[in-house]
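Visitor: Below are the chains, spelled out letter by letter.
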Amino acid sequence: MKTRLIELAHGSGGKATDDLVTEVFFRAFNNPALNRKNDQALLDLPPGRIVMACDSHVITPLFFPGGDIGTLSVTGTINDVAMAGAVPVALSAAFILEEGFPVDDLERIAASMAREAREAGVPIVTGDTKVVEKGSGDGVFISTTGIGVVPEGLVLSGDRCRPGDRLLVSGTIGDHGMALLAFREGMSFDPPLLSDCQSLHQLVGRMVEGVPSIRCLRDPTRGGVGAALNEWAAQSGVGIRIREESLPIRETVFSACELLGLDPLYMANEGKLLAVCPPEDAERLLEIMKSHPQGQNAAIIGEIVEDRGHFVEVETLMGGTRLLHWIHGDQLPRIC
Amino acid sequence: MAYLHEFRDRKSAQALLSTIRNESRPDRDYRLMEFCGGHTHAIWRYGLREALPDNIRFIHGPGCPVCVLPISRIDMARTIASFPGVLLASYGDTLRVPASGGRSLLHSKAGGADVRMVLSTLDCLRLARENPGKTVVFFAIGFETTTPPTAVAILEAKRQGIPNFRVFSNHVLTPAALRSLLLDTTPEKQVRIDGFIGPSHVSSIIGTLPYEPIVREFSKPLVIAGFEPLDVLLAVLMLIRQINDGRAELENEYTRVVTPSGNPEARALVDRVFTLRESFEWRGLGLIPNSALAIRPAFRDFDAEDLFSVSCPSVSDPRVCECPDILRGIKTPEECRVFGTVCTPENPVGSCMVSSEGACAAAYTYGVRRTPDLEVRP
Numbered sequence: 000m001k002t003r004l005i006e007l008a009h010g011s012g013g014k015a016t017d018d019l020v021t022e023v024f025f026r027a028f029n030n031p032a033l034n035r036k037n038d039q040a041l042l043d044l045p046p047g048r049i050v051m052a053c054d055s056h057v058i059t060p061l062f063f064p065g066g067d068i069g070t071l072s073v074t075g076t077i078n079d080v081a082m083a084g085a086v087p088v089a090l091s092a093a094f095i096l097e098e099g100f101p102v103d104d105l106e107r108i109a110a111s112m113a114r115e116a117r118e119a120g121v122p123i124v125t126g127d128t129k130v131v132e133k134g135s136g137d138g139v140f141i142s143t144t145g146i147g148v149v150p151e152g153l154v155l156s157g158d159r160c161r162p163g164d165r166l167l168v169s170g171t172i173g174d175h176g177m178a179l180l181a182f183r184e185g186m187s188f189d190p191p192l193l194s195d196c197q198s199l200h201q202l203v204g205r206m207v208e209g210v211p212s213i214r215c216l217r218d219p220t221r222g223g224v225g226a227a228l229n230e231w232a233a234q235s236g237v238g239i240r241i242r243e244e245s246l247p248i249r250e251t252v253f254s255a256c257e258l259l260g261l262d263p264l265y266m267a268n269e270g271k272l273l274a275v276c277p278p279e280d281a282e283r284l285l286e287i288m289k290s291h292p293q294g295q296n297a298a299i300i301g302e303i304v305e306d307r308g309h310f311v312e313v314e315t316l317m318g319g320t321r322l323l324h325w326i327h328g329d330q331l332p333r334i335c
Numbered sequence: 000m001a002y003l004h005e006f007r008d009r010k011s012a013q014a015l016l017s018t019i020r021n022e023s024r025p026d027r028d029y030r031l032m033e034f035c036g037g038h039t040h041a042i043w044r045y046g047l048r049e050a051l052p053d054n055i056r057f058i059h060g061p062g063c064p065v066c067v068l069p070i071s072r073i074d075m076a077r078t079i080a081s082f083p084g085v086l087l088a089s090y091g092d093t094l095r096v097p098a099s100g101g102r103s104l105l106h107s108k109a110g111g112a113d114v115r116m117v118l119s120t121l122d123c124l125r126l127a128r129e130n131p132g133k134t135v136v137f138f139a140i141g142f143e144t145t146t147p148p149t150a151v152a153i154l155e156a157k158r159q160g161i162p163n164f165r166v167f168s169n170h171v172l173t174p175a176a177l178r179s180l181l182l183d184t185t186p187e188k189q190v191r192i193d194g195f196i197g198p199s200h201v202s203s204i205i206g207t208l209p210y211e212p213i214v215r216e217f218s219k220p221l222v223i224a225g226f227e228p229l230d231v232l233l234a235v236l237m238l239i240r241q242i243n244d245g246r247a248e249l250e251n252e253y254t255r256v257v258t259p260s261g262n263p264e265a266r267a268l269v270d271r272v273f274t275l276r277e278s279f280e281w282r283g284l285g286l287i288p289n290s291a292l293a294i295r296p297a298f299r300d301f302d303a304e305d306l307f308s309v310s311c312p313s314v315s316d317p318r319v320c321e322c323p324d325i326l327r328g329i330k331t332p333e334e335c336r337v338f339g340t341v342c343t344p345e346n347p348v349g350s351c352m353v354s355s356e357g358a359c360a361a362a363y364t365y366g367v368r369r370t371p372d373l374e375v376r377p
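Those protein sequence lines, which keep their order, are chains A and B. Numbered per numbering that gives the first Met the number 0, the first sequence spans residues 0 to 335. Numbered per numbering that gives the first Met the number 0, the second sequence spans residues 0 to 377.
Please keep in mind that the hints were generated in silico from the structure rather than gathered at the bench. Heads up, a few of these hints could be off.
Partner residues aside, some chain A positions facing chain B, computed with beta carbon under 10 Å [claimed, not checked]:
1) Leu33
2) Arg107
3) Glu184
4) Leu193
5) Ser245
6) Leu246
7) Glu250
8) Leu259
9) Asp262
10) Glu314
11) His324
12) Trp325
Derived lysine-lysine pairs resembling DSS-like cross-links, with alpha carbons at most 25 Å apart [to be verified]:
13) A:Lys133 to B:Lys133
14) B:Lys108 to B:Lys133
15) A:Lys129 to A:Lys36
16) A:Lys14 to A:Lys129
17) A:Lys14 to A:Lys133
18) B:Lys157 to A:Lys133
Note that this is a predicted model, so its numbers are computed, not measured. Where a beta carbon is used, it is the ideal one built from N, C-alpha and C, also for glycine.
For reference, chain A alone in the conformation it holds in the complex:
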């Protein structure tokens, strides 16, 4: 295909739409359910309860070190499904394209989605394409929905944390958020900062198989570990205490945070998970996580405590304590 731009006609539902969908999406995503070309996909599901999650993706820049909006739209939704302990089965993808968006870029994004979906073993089985006038969008917005199946007997939910439970993280925190910030601002680091975006369902599969007593899992995306822990504390009516010393943080991310005056606990992650399990299972869970390539840097970072105020507290490197509140809006670099 020559260098072309998205036109309003591509969203009209007519021949132009069909051509675009066939040339870009069908070619990239290519799977039996999609190839039937119906307005919906018919799926055979394994036994178990159905999990469903959706995620909309708007990101600047569209392409960044370690991934692009396409990768993210697949991994993000797979991870949301997987955090229920589910095996993800299929994805849908809806595109809102801005008039004038280069078709080459769309193809590149579709290729990333296809690659990630193929590697994850989760096909994109249905979709939709709309085009908005120039100025009404930001290139491309992608909304994906995923379904998955939770094995019988497994119940993972953010309201199940109990005092005494241990808190684990699957690897270094803040990689995605800092990689994007650095890229946007033209800062380079050695080694370069890459987004950690990856699908975590295989790691989750190993974890729930080995330790079915896991209380809950969450991928700390926007708002970072800080937001995820405050959500759990509120949902479960408990407090959470973490040790700053035990947090796995890449040296480059740590340096960049220091340079800008930002807290890695609030930086977004796209390929890490937090897990809570009963204390007696913590070491075994850690071992299972560490034996998986996606959990090599896993660590036990804290525990669930009783706290009427449902606070998240950090034991600082200096031995003091501080609170880790919800963050309001985005973190802002310090001025002075």
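Add chain B to chain A, keeping to what the hints say.
Guide: This is chain B only, laid out in the frame that chain A set:
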């Protein structure tokens, strides 16, 4: 990056804390003002207050760049932003500070003004190049640390011939504010300070020399310190030793960065572009002579105040807000009636609750436990 972990070492901190415990006299208290918001932030962020003996009190000073910005200057920026064809840019927190009627620049943005957040003054030059049909105004704020980058932007705009770039200068000077705090003898504004933890990054530019006359004139110990937790602890120890010995000297803890004369290149850049204002209003401190910088007439083509000639009257802070007293160290954040209830980082009433360097924001973010029924207990 060097020195990432060395100045956070737990063992060294414990050793320092134990020396401080041994050398501080139990029969007296030590009231130390940390001038900079960066120190305030570090004190809360690392839980230093509770790690130190109770008789060592930190009094938070006015050194938070957005906190000291008076309402009238933000009103002026909002007026400039409302003019057609203007794109106004500033550092993040500046956009959130409430001005008259509780309205901030973010409200202006929501109302249709073109207001952008930038991380660097050079981003403003890029915005000016990309938007030739607009007048790009940089709302410049901050102490001596942020002034050289503004000077560089103006010099670069001149060199590159960027005609649509303007600076609305609100740069202020640290030693002048320190002097003004010590000079004020109004009884209700008196606050006993035994010593100062002096500015960190600011001193990397201006050096230690500008503080010398102040230390001599007012006989107050001042220790320039870095922003890392061990820097703060070491500065506390140095101040305690001075106070115990009855000395009032200028000392430099931050020797890995700060020299007596600072950074001459940066100071030369500032001197080339800026000139002293006769007087400038500070939030909480009022009008202070020779405390701020205006753009020199030679660079008037880049001066937003020259182009727009906007003026807004001085406005007092909301009556319930104690920011003026908090900025002078007369009150602590917890002593403000609206702290943590009406005034929160989500919905700041006063400027000290906005930036992470503000005393109220630091106290709230790291120290306040709110029970679910919203009862506040510090």
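Visitor: Now tell me if each hint is right for this structure.
Guide: Hints, one by one, checked against the model:
| no. | hint | result |
| --- | --- | --- |
| 1 | Leu33 | violated, 41 Å |
| 2 | Arg107 | violated, 25 Å |
| 3 | Glu184 | holds, 6 Å |
| 4 | Leu193 | violated, 18 Å |
| 5 | Ser245 | violated, 13 Å |
| 6 | Leu246 | violated, 13 Å |
| 7 | Glu250 | holds, 7 Å |
| 8 | Leu259 | holds, 8 Å |
| 9 | Asp262 | holds, 9 Å |
| 10 | Glu314 | holds, 8 Å |
| 11 | His324 | holds, 6 Å |
| 12 | Trp325 | holds, 9 Å |
| 13 | A:Lys133 to B:Lys133 | holds, 21 Å |
| 14 | B:Lys108 to B:Lys133 | holds, 16 Å |
| 15 | A:Lys129 to A:Lys36 | holds, 17 Å |
| 16 | A:Lys14 to A:Lys129 | holds, 14 Å |
| 17 | A:Lys14 to A:Lys133 | holds, 21 Å |
| 18 | B:Lys157 to A:Lys133 | violated, 35 Å |
Comparing the model with each numbered hint stated earlier shows that hints 1, 2, 4, 5, 6, 18 do not hold.
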